[in-house]
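Q: These protein sequence lines map, in sequence, to chains S and E.
Counting with this note's numbering, you get residues 1 to 260 for the letters of the first sequence.
Counting with this note's numbering, you get residues 261 to 472 for the letters of the second sequence.
Keep in mind that the hints were calculated from the coordinates and are not lab data.
Glycine is no exception: its CB is placed at the ideal position from the N, C-alpha and C atoms.
Do not take every clue at face value.
As the list claims (entries may be wrong) - Covered by chain E, per the in silico footprint, the following chain S stretches (three or more residues, Cβ under 8 Å):
1) 83–97
2) 114–128
3) 165–176
4) 249–255
Said to hold, decoys possible - A short list of chain E residues far from chain S (calculated; beta carbon distances all over 12 Å):
5) L313
6) L366
7) Q370
8) R387
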Amino acid sequence: MPQLITEANELATAGVTISHLSKSFGSNLVLDDISMTVAPGSVTALIGPSGSGKSTLLRCVNLLEQPDRGTVTVGSTTIEAGAKVTDRALLALRRQVGMVFQSFNLFPHMTVLRNVAYPQEKILGRSRAEAEERALTLLERVGLRDKAQQHPGRCSGGQQQRIAIVRALALNPRAMLFDEPTSALDPEVGVEVLAVMRELADSGMTMIVVTHEMQFARDVSDHLVVMADGHIIEEGDPRAIMAAPSQERTRRFLSAVLER
Amino acid sequence: MEAVVAVLLGLPMTLLVTAAAFAIGLVGGIPLMLGLRSRHRVVRLAVRFVVDLIRGIPPIVWLFVLFFGVSIGALRFNALAAAIVGLGIISAAYLAEIYRGGFATLPAGQTEAARALGLGRRSTFVRVLAPQAARTALPSVTTFLLALLKDSSIASTIGVTDMVFAANTFVRQNPMTAGLTPFFVAAAVYVAISIPLAIVARRLDARMRRSA
Numbered sequence: 001m002p003q004l005i006t007e008a009n010e011l012a013t014a015g016v017t018i019s020h021l022s023k024s025f026g027s028n029l030v031l032d033d034i035s036m037t038v039a040p041g042s043v044t045a046l047i048g049p050s051g052s053g054k055s056t057l058l059r060c061v062n063l064l065e066q067p068d069r070g071t072v073t074v075g076s077t078t079i080e081a082g083a084k085v086t087d088r089a090l091l092a093l094r095r096q097v098g099m100v101f102q103s104f105n106l107f108p109h110m111t112v113l114r115n116v117a118y119p120q121e122k123i124l125g126r127s128r129a130e131a132e133e134r135a136l137t138l139l140e141r142v143g144l145r146d147k148a149q150q151h152p153g154r155c156s157g158g159q160q161q162r163i164a165i166v167r168a169l170a171l172n173p174r175a176m177l178f179d180e181p182t183s184a185l186d187p188e189v190g191v192e193v194l195a196v197m198r199e200l201a202d203s204g205m206t207m208i209v210v211t212h213e214m215q216f217a218r219d220v221s222d223h224l225v226v227m228a229d230g231h232i233i234e235e236g237d238p239r240a241i242m243a244a245p246s247q248e249r250t251r252r253f254l255s256a257v258l259e260r
Numbered sequence: 261m262e263a264v265v266a267v268l269l270g271l272p273m274t275l276l277v278t279a280a281a282f283a284i285g286l287v288g289g290i291p292l293m294l295g296l297r298s299r300h301r302v303v304r305l306a307v308r309f310v311v312d313l314i315r316g317i318p319p320i321v322w323l324f325v326l327f328f329g330v331s332i333g334a335l336r337f338n339a340l341a342a343a344i345v346g347l348g349i350i351s352a353a354y355l356a357e358i359y360r361g362g363f364a365t366l367p368a369g370q371t372e373a374a375r376a377l378g379l380g381r382r383s384t385f386v387r388v389l390a391p392q393a394a395r396t397a398l399p400s401v402t403t404f405l406l407a408l409l410k411d412s413s414i415a416s417t418i419g420v421t422d423m424v425f426a427a428n429t430f431v432r433q434n435p436m437t438a439g440l441t442p443f444f445v446a447a448a449v450y451v452a453i454s455i456p457l458a459i460v461a462r463r464l465d466a467r468m469r470r471s472a
C-alpha cells in the first residue's frame, strides 16, 4: 500500500503544545488549567467519560472554541487566550491543523471531488486542475476515486469519513485532530476509517485523537491522556496505563468501556 | 366572452406588479437577512424591529400611505409605482425572514468544518452556507410568490389596472348582464398561473433533494 501522505515527510509535521488552558461555558468550568505536549509526528489518544472536556480541549486547539486562559502552540504559531485574536492569526493556526469530526461535515451541495478540491483552491491558491488532480490522487489512495463525481449523500458513513480525512489532508496540515471519528459508524465500517488513520500515523503525521476505540488507542497511539471533569487525571504510555492504571477513576472508566 | 377579454387585459399589469415587487423582495431581502444574522446585537435588534414593523402593517395600508401620503417635493408615487414599491418592501421583509430560516436549519457542523479548513467568513458564507440555505428556502420562497401573485390584486384599490380592477370596471359598466362572471374569470386566471408554478417548484425541489 502506498504511503498516504508523501508530503508529510517533506513538510516536517508540527508539535502541539497546550499550556495552562482553561475554558468555561457560563459557570461550568469545562477545562481547568490543562497543559499537554504532543511531539511532532506522534499520536496522542485522548480518552475519558463524556463530559470530561476532551472534545472541548480538541476544539480549543484550532480555536473552534475560544479558551478563556492559556496558550495553544502549533509549530511556530502561538495563540494566547484573552488577547484579541486577529482573523489572520486564527487562519494561520487553522491552516496548519486539519480536523475530522464525528459527523463528517462534508458539504452536501458539492460533489466529493469539489469537497476535496475547493478548499485547496481557496486556501492554498491552487488552480482548479491542480487541486482536482491532488484530490483524485488522495481519493485513489483511500479507495474512493470512483466516488469523485457523486455527492456525499450517496456515500456510506465510512466512505464519508474517509473523504473528510482526505479533504483535510489535501491542505497539507502539519497536525491532525480527530474528534470521535468512528463514533457515528457501525463497528465494521469504523474499521475502514481506523485503517486510514493508522496509515496516517505510520507516515509520521502528528495526531490528537479523541476516541472510545481502546484498541486503536493502545496499538496506534504513542501517548495516552485520560481526562475527567476538566482535568487530566493520568497520562503516559498507553499499554502501561491500560494494563495498570494508577488512578481509581481511570480504572473505573477503562473497565466500563472494555465491558461494553 | 366579452368579460374574459376585458379581464385578460388586466393580466399584464397583474404580472408586472407581481414580478417587479418579487424582484425587489428577492434582492432587498438579502441585506435585511444579513442584518438579522449580524454579529452585532444592536444591528440585529434594529433590523429585527424594521422587519417586524414592515410585516406588521397590512399591505393595503402600505399602498395607501405610499400613494396618498408620500409627496416629498417633486417625488410623488403614481399608482403603479406605489403598488410596486409597497409590495416590494413587504416582500423584502418576508423573504429576509425566509432566507434567515434557510440558514437557521443548517447544522452547526457545516460552519465548523469550513472554519476548521481555514475558509474565511466570506467564503464560508457564500460558498458553503448560502447554496444550502437557498435549497432549504426554495419551497417557502415559491409559496410566498404564489401569495404575492394574489395579494397584488390589492393594487386595484389605488387604481392599478390589474385583473381585479378590470373585472370591477367591467361589472360596473355592465351592471345588468355581467353578474359575477368577470370575478370568476379573474379567479380562473390566478389559478391557471398558480398551479403550474407550484408544480414547477415542487419538481425543482425534488430534483435538488435528489442531487444533495
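Q: For E/Q370, is the shortest beta carbon distance to chain S beyond 12 Å?
A: 6 Å, violated
Q: Just to make sure I understand the rule, a stretch counts as covered if three or more of its residues have a C-beta closer than 8 Å to a C-beta of the chain. Does the segment 249–255 of chain S meet that for chain E?
A: violated (count 0)
Q: Taking C-beta pairs only, is E/R387 more than 12 Å away from all of chain S?
A: 7 Å, violated
Q: Mind verifying the non-interface call on E/L313? Its CB should be farther than 12 Å from each CB in chain S.
A: The assertion about E/L313 holds, with a minimum of 33 Å to chain S.
Q: How does the segment 114–128 of chain S fare against chain E when you require at least three residues with a CB closer than 8 Å, holds or violated?
A: holds (count 4)
Q: Given as covered by chain E, does the segment 165–176 of chain S meet the bar of three residues or more with CB within less than 8 Å?
A: Check passed, 3 qualifying residues.
Q: Can you tell me if the segment 83–97 of chain S counts as covered by chain E, using C-beta to C-beta distances under 8 Å and a minimum of three residues?
A: That given contact holds, which follows from 5 residues of the segment 83–97 of chain S lying within Cβ reach (below 8 Å) of chain E.
Q: E/L366: least C-beta distance to chain S exceeds 12 Å?
A: 10 Å, violated
In this structure, the hints that do not hold are numbers 4, 6, 7 and 8, in rising order.
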